[in-house]
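We have chain F; now place chain B onto it with these hints.
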Amino acid sequence: DMKVTQMPRYLIKRMGENVLLECGQDMSHETMYWYRQDPGLGLQLIYISYDVDSNSEGDIPKGYRVSRKKREHFSLILDSAKTNQTSVYFCASSPGNNNQAPLFGEGTRLSVL
Amino acid sequence: GDSVTQTEGPVTLSEGTSLTVNCSYETKQYPTLFWYVQYPGEGPQLLFKVPKANEKGSNRGFEATYNKEATSFHLQKASVQESDSAVYYCALSTLMGYKLTFGTGTSLLVDP
Numbered sequence: 001d002m003k004v005t006q007m008p009r010y011l012i013k014r015m016g017e018n019v020l021l022e023c024g025q026d027m028s029h030e031t032m033y034w035y036r037q038d039p040g041l042g043l044q045l046i047y048i049s050y051d052v053d054s055n056s057e058g059d060i061p062k063g064y065r066v067s068r069k070k071r072e073h074f075s076l077i078l079d080s081a082k083t084n085q086t087s088v089y090f091c092a093s094s095p096g097n098n099n100q101a102p103l104f105g106e107g108t109r110l111s112v113l
Numbered sequence: 114g115d116s117v118t119q120t121e122g123p124v125t126l127s128e129g130t131s132l133t134v135n136c137s138y139e140t141k142q143y144p145t146l147f148w149y150v151q152y153p154g155e156g157p158q159l160l161f162k163v164p165k166a167n168e169k170g171s172n173r174g175f176e177a178t179y180n181k182e183a184t185s186f187h188l189q190k191a192s193v194q195e196s197d198s199a200v201y202y203c204a205l206s207t208l209m210g211y212k213l214t215f216g217t218g219t220s221l222l223v224d225p
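Note that the protein sequences, when read in sequence, are chains F and B.
So the first sequence is numbered by this note's numbering: it starts at 1 and just counts up by one.
So the second sequence is numbered by this note's numbering: it starts at 114 and just counts up by one.
Treat the hints with care, since some could be wrong.
[Unchecked claim] In the BS3-like style, the derived pairs of lysine-lysine whose C-alpha atoms are separated by at most 27 angstroms in a straight line are:
(1) K162(B) to K141(B)
(2) K169(B) to K190(B)
(3) K212(B) to K3(F)
(4) K69(F) to K212(B)
(5) K165(B) to K181(B)
(6) K141(B) to K212(B)
(7) K141(B) to K169(B)
(8) K181(B) to K212(B)
(9) K70(F) to K212(B)
(10) K190(B) to K62(F)
(11) K169(B) to K62(F)
(12) K82(F) to K181(B)
(13) K3(F) to K141(B)
[As the list claims (entries may be wrong)] Partial selection, computed: residues in chain B whose CB lies under 8 angstroms from chain F:
(14) E155
(15) Q158
(16) G216
Derived by calculation from the structure, the hints in this document are not laboratory data.
Just so you know, even glycine gets a beta-carbon here, dropped at the ideal spot from N, CA and C.
Bound conformation, chain F alone (with noise of 0.2 angstroms):
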């Protein structure tokens, strides 16, 4: 079953805390993605990653780094997270052309107290 999944679905965290959330898929797709949804501004790309240590920063890199060690995980990684990185935070991925839809996970709710 095609699947992207995301760890942990819902996360509490304080301010200055380090922040790691996992993306897993099961499809040997090339391409990975990490994307914030906020009220008002729809999807924003944090990351996109062609393969395995390709990265490539999206529109909103600042404040996250990535990590891509096996074709089938890719890492999202808050240093030090910060009130205004509270957010929805969704994976997707997909075979590598851009005109196959990338397949989303069910997203993890971050919260930044």
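Chain B alone, transformed into the frame defined by chain F:
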């Protein structure tokens, strides 16, 4: 860079009425266009895509035509149902980096 502009919500309709959500886009590349739908507590899911200009995509009674001249991709449905209540996103991707650019979303509420 690429951009997508769509109807601001929320949009409230009565069951059985027609829906149009406007979407226009800007890109210097040749795009593939998508409509996604998102239900509460879930991630966006593909409604349909149209990779070629002047072609129509459709699914579950929703349809949209990729109008290259007008740079538009409006979503339409002739008769909405309560179960269509969701947020709808217009999006595009191009060969430059496979980045998927979304509009800000249109929230639809259908009253029974």
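Taking the hints in turn, this is what the structure says about them:
no. : hint               : in the structure
1   : K162(B) to K141(B) : holds, 19 angstroms
2   : K169(B) to K190(B) : holds, 13 angstroms
3   : K212(B) to K3(F)   : holds, 20 angstroms
4   : K69(F) to K212(B)  : holds, 21 angstroms
5   : K165(B) to K181(B) : holds, 9 angstroms
6   : K141(B) to K212(B) : holds, 14 angstroms
7   : K141(B) to K169(B) : holds, 21 angstroms
8   : K181(B) to K212(B) : holds, 20 angstroms
9   : K70(F) to K212(B)  : holds, 21 angstroms
10  : K190(B) to K62(F)  : violated, 39 angstroms
11  : K169(B) to K62(F)  : violated, 38 angstroms
12  : K82(F) to K181(B)  : violated, 42 angstroms
13  : K3(F) to K141(B)   : violated, 32 angstroms
14  : E155               : holds, 6 angstroms
15  : Q158               : holds, 7 angstroms
16  : G216               : holds, 6 angstroms
Hint compliance for this structure: hints 10, 11, 12, 13 are not met, and every other hint is.
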